[in-house]
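Engineer: Here is how the chains run, residue by residue.
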Amino acid sequence: MNVVVCVKLVPDPNTPGQLDPETHRLRRDLADAVLDPGDEFGVEAGLQLAEAHGGEVRVVSMGPERAVDAVRKALAMGATKGVLVCDDSLRGADALTTAKVLAAAIRREPYDLVITATESTDGYSGIVPQALAELLGVPAVTFASEMSSDGSLLTATRQTERGSETVVTGLPCVVAVTAGVNEPRYPTLRGIMGVKSKPLERLTPTDLGLAASVPTPTGQTVVSVTMAGQRQAGEVVRDDGDGAHRIVELLARLRVI
Amino acid sequence: MANGPVWVFAEVVDGRVAPGALELLTKARSLGAADVEAVCLGPGAREAVGELGRHGASTVYISIDAGFVELLMGGPGADTLAPLIATRKPELILFPGTHDGRDLAGRLAAKLDLPVIANGLDIETGAAITVTSTIFGVTQVVRTEFGERRPALALFRPKAFTASALPAGPAPRTVEVPAVIDERHRRARVVDRSTPVATGPALEEATVVVSGGRGLQEPANFELLHEVAGLLHGAVGASRAAVDAGWVPYSMQVGQTGKTVKPTVYIACGISGAMQHTVGMRGAQAIVAINRDPEAPIFKLADLGIVGDALTVLRQLRDELRSRSG
Ligand SMILES: Cc1cc2nc3c(=O)[nH]c(=O)nc-3n(C[C@H](O)[C@H](O)[C@H](O)COP(=O)(O)OP(=O)(O)OC[C@H]3O[C@@H](n4cnc5c(N)ncnc54)[C@H](O)[C@@H]3O)c2cc1C
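Chains A and B, in that order, are what the protein sequence lines are. So in our numbering, spot 191 of the first sequence is number 191, and the numbers just go up one at a time. So in our numbering, spot 189 of the second sequence is number 189, and the numbers just go up one at a time.
This is chain A alone, in the form it adopts within the complex (with noise of 0.2 Å):
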């Protein structure tokens, strides 16, 4: 079975980046980047995947140069082999604009399954999943908090508000997976060595034939960026025994008591 994973690149979670207040772009450079935490556990279900039936992974991403450090944590994890779309004119691309570059990145091999995050860390809007199967003209699952296959029908978890359902599909699909679907490997120290062997391959929407529909010119402009009111600390206090009643006097003040 044949797997594409795409990854992405973001500011740490734990050292949240900050949004450029004059280009309106992500400042890369303010934080630590890694590969999106959620997106290990769709290497993980990619790679276990291919183990069970044969077949290779390959990892897929869109973002600046450096998110080549993201696509090579995949490749050290055991995926075989990476590309990266980047671009100058790809920076600040909303979700439609994204799904368009993996999308086309995707179709230049056969593949039996594309695996995504159900949304990424930073932006999150997880409209990219569903873009990319529509694009793709495959059946997307999404929410997938488990899934199995036996080489030709695909079965998922799907997490719903209220529950899950259970969703069997026929492949090629889109299935995007929801953190603690798996138990995402670290890398082994071979598998560090031998991302250098590895192909990665870097694109731009050019080398794809995007030039003229990305990014998509009508979409959307970003006008402003400011920072979110900050919740003040209130007080903190060690328990003395009285910490129950603390609680009590301010569900009293609050009137929901």
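Among these hints, one or two may not hold up.
Among chain B residues calculated to face chain A with C-beta under 10 Å, some are [said to hold, decoys possible]:
{"hint": "1", "residue": "74"}
{"hint": "2", "residue": "114"}
{"hint": "3", "residue": "122"}
{"hint": "4", "residue": "126"}
{"hint": "5", "residue": "187"}
{"hint": "6", "residue": "217"}
{"hint": "7", "residue": "220"}
{"hint": "8", "residue": "221"}
{"hint": "9", "residue": "223"}
{"hint": "10", "residue": "226"}
{"hint": "11", "residue": "230"}
{"hint": "12", "residue": "292"}
These are computed hints drawn from the structure, not numbers from a lab. Ideal Cβ placement from N, Cα and C applies to all residues, glycine included.
Position chain B with the ligand against the provided structure of chain A, taking the given hints into account.
Structural biologist: Frame of chain A; chain B with the ligand shown alone:
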């Protein structure tokens, strides 16, 4: 705002119109559109018409094909709405940021090459349509203006607006539209559904949410949360660590990949306060945190932080609440 109608995508859950649609219809009434209309797909759509009308829809487009529940919503929904969009030419379509809402908006965006903005908290219409949304764990607010392409698609966080019904008026016009479902969407079928039984108020609607994390140490200790929540007529939530450990079902997860809650009080017990968790609860009016680590990030946004053992504090809290109500 130009002449086309504003549409709201409405979902029916357990025979009830999901709250997101009612919130969005209420907001849509204030956008200065010629018409506010709703779209509802699936077997329960006809029964939803009255409620959608009471919240401002003058027309409700329904399609009651079983395919919308036997298959996934995204593909069939987009195929069905595409011809309707072409004839009715809405300016703007508002979607609740639910799982199906996201699937449908993503499909439509790609199918019709339309701009889409997610995680909206507010919207303004004037010379342009501008959506306010958040990124980076709700630490930054972004205002994005739609270009000229129509309809613009916008998804909103739960509770971005407050629903309110109109005084009684004429029933909305119901327009039944044929379901259009491409064969390729029939390849993905929903073969089973499971809904854990819940008691007490729904997590998203409760005025008090008592949440537990890995710091509760074992699943049995969630019983204590249920006792405290019960005494406060509240609901129990959880961090993903507790869900991943299999202690509680996913439907209880609060956060980026779980539910967004906005209660009057959120009590976080043994939860560290990771960004992915706080995204889902920082809108609470007051936050209480109980954690034994004084450095836990949750204390940075708590109105009242108790440094101590969560189980000890919760037992005392239960006893004190019992003696008050007793
Ligand atoms: C893509 C992605 C999406 C995610 N989505 C979500 C999401 O939707 N929701 C979510 O919650 N998380 C989400 N996470 C996970 C998130 O990053 C954290 O890992 C998670 O929230 C941690 O849960 P926790 O606070 O219960 O556990 P921990 O971080 O392990 O914290 C446990 C806390 O309990 C305290 N503690 C221990 N014992 C006691 C005691 N006896 N009394 C009091 N305190 C005690 C500790 O001091 C600690 O602060 C996501 C992660 C990723 C990568």
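Engineer: Measuring from the C-beta of residue 217(B) to each C-beta in chain A, is the shortest one below 10 Å?
Structural biologist: Cβ of residue 217(B) sits 17 Å from chain A, so the hint is violated.
Engineer: For the restraint on residue 122(B), tell me whether the closest CB of chain A is nearer than 10 Å.
Structural biologist: Violated, about 13 Å.
Engineer: When the nearest CB of chain A is found for residue 226(B), is that gap smaller than 10 Å?
Structural biologist: Because about 17 Å separates residue 226(B) from the closest Cβ in chain A, which is outside the 10 Å limit, the hint is violated.
Engineer: Would the hint on residue 126(B) stand, with a C-beta cut-off of 10 Å toward chain A?
Structural biologist: Check failed: Cβ of residue 126(B) comes no nearer than 12 Å to chain A, outside 10 Å.
Engineer: Grab the minimum C-beta distance from residue 223(B) to chain A and call the hint holds if it beats 10 Å, violated otherwise.
Structural biologist: 17 Å, violated
Engineer: Should the hint that residue 221(B) touches chain A count as held when the rule is a Cβ pair under 10 Å?
Structural biologist: 16 Å, violated
Engineer: Identify whether the interface hint at residue 220(B) stands, where standing means a beta carbon of chain A within less than 10 Å of its own.
Structural biologist: 20 Å, violated
Engineer: Tell me if residue 230(B) is really an interface residue toward chain A, meaning its C-beta lies closer than 10 Å to one of theirs.
Structural biologist: 13 Å, violated
Engineer: Does the closest beta carbon of chain A sit nearer than 10 Å to the beta carbon of residue 114(B)?
Structural biologist: At about 8 Å, which falls below the 10 Å cut-off, the nearest Cβ of chain A leaves the hint on residue 114(B) intact, so it holds.
Engineer: Taking the least C-beta to C-beta distance, is residue 74(B) closer than 10 Å to chain A?
Structural biologist: 5 Å, holds
Engineer: Does the CB of residue 187(B) sit less than 10 Å away from some CB of chain A?
Structural biologist: Holds, about 4 Å.
Engineer: A closest beta-carbon separation below 10 Å is what the hint needs, so does residue 292(B) meet it against chain A?
Structural biologist: 9 Å, holds
When the structure is compared with the earlier hints, violations turn up for hints 3, 4, 6, 7, 8, 9, 10, 11 and for no others.
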